[in-house]
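S.K.: Sequence:
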Amino acid sequence: MGENSYFRKALNDFTFEAANGGAIRHLADSGYTVKQIMESLDFPASRESVRNAVWAHLERQGIIAPERPGCAQGTGKAVYVKEYDRYGKASFRRVMEREEVSPVTEWQEQDLGGTAAMSPEALFGLLEQKIRENGAEYSYASFAFGQIAGKDSGQYETMLSVLDNHQREYVTGLPWNLKPVYHRLDSRMLGILMQLHEAGLYHGECCFVKTGELFRL
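Sequential numbering from 126 applies to the sequence shown in the working numbering.
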C-alpha cells in the first residue's frame, strides 16, 4: 500500500470516527443491532464499516472474547465518558471500569449433553442461577456462527431459522470469526443459546469465571 493509500485510509478512518464513531458505540451499548444502528446514524456509512466498528467495540468492552475468558476480567462497573461530535455536540458513552480478579487455574467441568442432557427448563434455570452468582460480566458462552457459515451454509441457515427476527438480525449483523468465539451471556444471548439448544443446534460451552465452572452442551 502506497503512501497516498495510507493517507486516504487514515483520512477515511478519521472521518468515519468523527461522524459516526461515538454514535455507533452508544447505540451498541444500548442493545441496537447493526441494522438498527445504520438506520439511526445521522451520516451514511457502509454496512461493513458499521459491523466492523460494532465488533471492535464489543471486543474492547469484553462482551466478545476470541478465547475462553478466565484471566483478569472487568467487573462491568459503568462509568460515562463525555465525547464530542464534529459539530462540538456533547454526548456520553458508557464504558466499563475494570477490576482485577483471580484467573481460573482449573475449571470445574461438567458435560450437560448426551444421555444426561437436561430439559430446556432445567438448563435455563441452571444458567440463570449461574449468571446471578457470577454476574453477566463473568458469564460467557461459545458460539461458532462464523465457522459454521463458512463450512455449511445450510446448517447456518437452519440455525437462523429457529431464532426470532430480532435475534436473527443481531447474529447476521456481526462479522463472526471463522472459529468459535465467546459472547457474554446477557439476556439476548441466553435467549439465542436456548433457542438453538431446544432445536438441537447448539454445541459449545458456557463458562462462569468467578465460580470457575464450565458446562459443555
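The set of hints was computed from the structure by calculation and includes no laboratory data.
Keep in mind that the hints are not guaranteed to be accurate.
Okay, derived cross-link-like pairs now, DSS-like style, lysine-lysine, Cα gap no bigger than 30 Å in a straight line [said to hold, decoys possible]: (1) LYS276 x LYS335; (2) LYS276 x LYS304; (3) LYS160 x LYS335; (4) LYS160 x LYS304; (5) LYS335 x LYS304; (6) LYS335 x LYS255.
S.K.: Just pull the numbers of the violated hints for me, sorted ascending.
M.R.: Of the numbered hints, 1 and 3 do not hold.
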